[in-house]
Structures are given as structure tokens and as C-alpha cells.
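Asker: The lines below spell out each chain.
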Amino acid sequence: MVDNGGQWTHREWRVLRYLGVETKIIPNTTSFKALNVNGLVLSGGAPRIEKEALKLGKTAEYLDKANFPILGICVGCQFMVIHFGGKAGPAETPEYGKTKIFVDEENGLFKSLPKSFFVWESHNDEVKRLTEDFEILAHSKNCAVQAFKYLKKPFYGVQFHPEVEHTEYGYDIFKNFLKVCEEYMK
Amino acid sequence: MFDPEKFVEEKTRELKNKIEDKSIIACSGGVDSTVAAVLTAKAIGNRLIAVYVDTGFMRKNESEEVKKILEDLNVNFKLVNESQEFYEALKGIIEPEEKRKIIGEKFIRVFERIAKEEKAKYLVQGTIAPDWIESGGGLRDTIKSHHNVGALPKRMNIELIEPLRDLYKDEVREVARFLGIRVAERQPFPGPALAIRVIGEITSESVEIAREANAIAEEEIERAVEEGKMERPWQYFAVLLSSKSVGVHGDVRAYGYTIAIRAVQSIDGMTAAYSKIPHEVLEKISIRITNELKDKVNRIVYDITNKPPGTIEWE
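Chains as they are written, first to last, in our numbering: chain A, 1 to 186; chain B, 1001 to 1315.
The set of hints was computed from the structure by calculation and includes no laboratory data.
Each residue gets a CB set at the ideal place from its N, CA and C atoms; glycine is no exception.
Treat each hint with caution, since some may be false.
What the hints assert, rightly or not - Here are the computed lysine-lysine pairs in the BS3-like style, where the Cα-Cα straight-line distance is at most 27 Å:
(1) A:K98 with B:K1276
(2) B:K1154 with B:K1006
(3) A:K24 with B:K1018
(4) B:K1144 with A:K24
(5) B:K1276 with A:K55
What the hints assert, rightly or not - The calculated label-pair distances, taken between Cβ atoms and stated as ranges, are:
(6) A:K24 with B:K1018: 15 to 25 Å
(7) A:K24 with B:N1291: 52 to 62 Å
(8) A:E182 with B:N1017: 36 to 46 Å
(9) B:K1018 with A:N142: 46 to 56 Å
(10) A:T30 with B:G1247: 28 to 38 Å
(11) B:K1276 with A:E92: 44 to 54 Å
(12) B:G1247 with A:E106: 38 to 48 Å
Excised from the complex, chain A in its bound form (with noise of 0.2 Å):
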């Protein structure tokens, strides 16, 4: 759990726990080397992405070096975006707790969930185009980036937060994730 100071960055990892998943919140500057790990979260958090991006430490490290799987939140997928050559900035409409988002490909991570369900969210930033190695997951009336699949590497990116209670199917995102982690151990 790569922690970007988010809200709910220790409810990540109190969710991973729940999941049976050894785990540990370590901060966004430990440096790739010290990582021994098979599975990476990249939490949410303050900074914005346009003027503050070097807040986010090391994450451009763990994307350019990893070859395990990341599962990258609100900020954390935005930073993903741009980091492979997409663009993030301030939403048009930023959402704020309940919204209603709509599945467009499962590709493992919406494995066997509904078509459509409700999510929080709290975001002033948002993912504003996408790259070729992308493929869009998921949507929100305003929010036209609300899941994705960099397709190159085992990286995913979500801008609501199924970590929250309130947020349907966010243990089942979860446990998708990890079995994205797990076949990947094989």
C-alpha cells in the first residue's frame, strides 16, 4: 500500500487485511529496491496532479521498474496516465460521494459484477485523455475515465474508491485485483 496521503489509505489497507493479504502502508518514497512485493496499490490523496505530481515520490519508479501488478487510485491512476504519456487535470465536474458508474469491459477487474453499480468518489482531478495502450473500464455520467487497463503491463487504475464501505462491490474490485496478482505469481 503506497500511500499518497490519501483519506482512506489506511481503509485500503484495512480491506487488504480483511482479504487475508499480507500487507503494510509504506510511504510513496521507499525506493523500488526496497520493495518485495507481488502486488502494489497506489492510494489517493491531496495532491493535484497538474502542480503537485512530485508529491507523489517515487511512483514513477514503481511504474517504469515493475512488472507486478498495480492497482492505482484516484490520484494514483491519474499520475498513471500521465505517466505513460495521457493527460490528467481538473475536472469539469468533480464528484463528490455517491455516483453511479457503468461497466464498459470487464477485463478482470470487473470480473462477474453488475453492468452498473454505485461508487464513492472525491476527486477535484480527473483523467482527461488516454493513450492507445489504454483500454477504458468504466464510466460515470461526468466522469468519462472512471476505470481502466494500461495494456501493456499488469496495471490498473480506478478514479472512484472501492475501498469505502458505501461503495458497492469494492471487496469483489479488490479481490479481482488480487487474483490479477495472483496469476501473476504463477
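We have chain A already, so just place chain B on it with the hints.
Answerer: Structure of chain B alone, referenced to chain A:
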């Protein structure tokens, strides 16, 4: 999943190793601090003294109830009334962060004094995860400075111990049930108490309005829950707003304060949905508050904001 038995075992062992002599614990009678008190007493027995501070901002009859709770726990305890000092320190303060910081410092100074009297080196607190998360620090933004974390003074002559730091309210309740603590299901109540349920200046009059309105809101919601009219909200209370509005009382113009009723469903306090309370219950609360508080309050609103974007408390 969370295993309360294992948690109690581990924490009791840790506390036993850590506290070599005496310790005090800040105990409000709420779930978190009561669980922390019982855990610590399990570890160090009568070397623990629980301290309850009456700030003057407590709910109706709360201090008497907390006394009974502490008596039942079978721990050493001490009740101190500091209300005059708290009211004086908050005179003229309206900014919520400033209120919280003054309250946090006041608490610590009281605990330092008592620790000195009792020759205790440690202060145990029932701090839980949302307290330090929302207090911020480093990369994490400060949402609000919790009295027991972000509002603590920089210099302190006492060492803090926080055995519940990694738990959320639902997990603390599991521990409370496991330990057979009767306050396990008590609704959350903030440390700064009614001082942050009065928007604007704290005076004995404004706190009294908030206290009466809270008592009515709690009573009516609890009654409706008992009668099966609604689900028990995670938290439910009244907030005194600083805005006034025009009313009419017996053919005479009235100009009184507004009370906001807040009730939410949550598991851990980190997200919350406003409770869909039946209108007849809201109406009963509205009628009772506006009638019983006479010329003080003539308007009631119901808060329909989720968290996020709102927080549960207003300040």
C-alpha cells in the same frame, strides 16, 4: 477478518510490557476510551487511573451517566470539573479549528496536572484511526484537528499511549462486545462535545440550546427506533446554527435561531450516508424543539449531505 480476542491478547501484552508503573487514561465514557481503559486495566490493574473531565459541554445528564459507567468498570477513576476554565478559554472564538486546538490543549494541561499528582508517567488515549487520519500531517491534508491528535500542544510533559490507533469504530465495538463492556453500542460523540455543535460563539446560553435540542433529537430518534419506525442511525444529533430567521409566535413576530438535525448511516465514520428518517419522526423533533425552546429556536432543518462531501459533524 478482525479477531477481537487476538487483538485483546496482543494489546494487553504490549501494554503490560510498556507501562512499568502508573498511568492515567482519558475516559469520556464513550466506546473508544472505555475500551482503552478496560484493556489497560487488564494489563496493569490498579496502577491505572481513569480521568473524566467535565468540560461543561457535555450532553444532558452525561456526567452522571459516565460516573455510573466508570463505577461499573471496576477501575480507579477520578472526575474533574473544569467547565469554568473551558468556557473562559473559548470566549469569543468562532473558528472551528481554533476551538478544537484550544480544547485539545486544555485537556492535556488537565491531564498533565493529574498525572503529576498521581505520579503517573503515561497518558493512555482511545485514539482510533479516523482521529489521526483526519488530523492530517505530512502528505495528508488536515480535515479537522481531532482534540486527541491534531489539536495537541507541541510541548507535552506526558507520554502518550494509543492502543486502538489502527482500529475503526466497528472494530472497537467488536472488542467492546468481546470484553462485555456495556457502552459497546453507544453512538459516537466528539471529544470537544457540544462546543463544536454550536456554530459560532460558545456561551452558556448557546451550549444550553444545543444541549436541549440534542436531547430531544436523541430521545425522539431512539423512541422511533424502539417502535420499529426506523433503523438506528450510526450517529444522530442536533447542531445550533448561527443564522437567525423570522417566525411568528402567537401573532407576534419572532426572530430566533435555527437547529440542524443530522443523522447518518456509516460503518467506520470515513464515509457516511444521511439517514432516510421518516418525515413523521422529523416532524415530531421539529415540533418539540421549536415549542420547548420557545423564543430561542424557531426553525429546524434536516441535513441531507453525505460524507464526502460533508463531514459528519459540522465543525
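Asker: Take the hints in turn and mark each one as holding or not.
Answerer: Each hint tested on the structure:
1. A:K98 with B:K1276: At roughly 15 Å apart (the allowed maximum being 27 Å), K1276 of chain B and K98 of chain A satisfy the hint.
2. B:K1154 with B:K1006: Between K1154 of chain B and K1006 of chain B the Cα gap is close to 34 Å, so the pair fails against 27 Å, i.e. violated.
3. A:K24 with B:K1018: Holds. K24 of chain A to K1018 of chain B sits at ~24 Å (cutoff 27 Å).
4. B:K1144 with A:K24: Holds. K1144 of chain B to K24 of chain A sits at ~26 Å (cutoff 27 Å).
5. B:K1276 with A:K55: 40 Å, violated
6. A:K24 with B:K1018: 15 to 25 Å: 22 Å, holds
7. A:K24 with B:N1291: 52 to 62 Å: The hint (52 to 62 Å, Cβ to Cβ) holds, given that K24 of chain A and N1291 of chain B are roughly 56 Å apart.
8. A:E182 with B:N1017: 36 to 46 Å: 38 Å, holds
9. B:K1018 with A:N142: 46 to 56 Å: Holds - the Cβ-Cβ distance for K1018 of chain B and N142 of chain A, about 50 Å, lies within 46 to 56 Å.
10. A:T30 with B:G1247: 28 to 38 Å: 60 Å, violated
11. B:K1276 with A:E92: 44 to 54 Å: 30 Å, violated
12. B:G1247 with A:E106: 38 to 48 Å: 57 Å, violated
Consistency with the previously given hints fails for numbers 2, 5, 10, 11, 12, ordered from lowest to highest.
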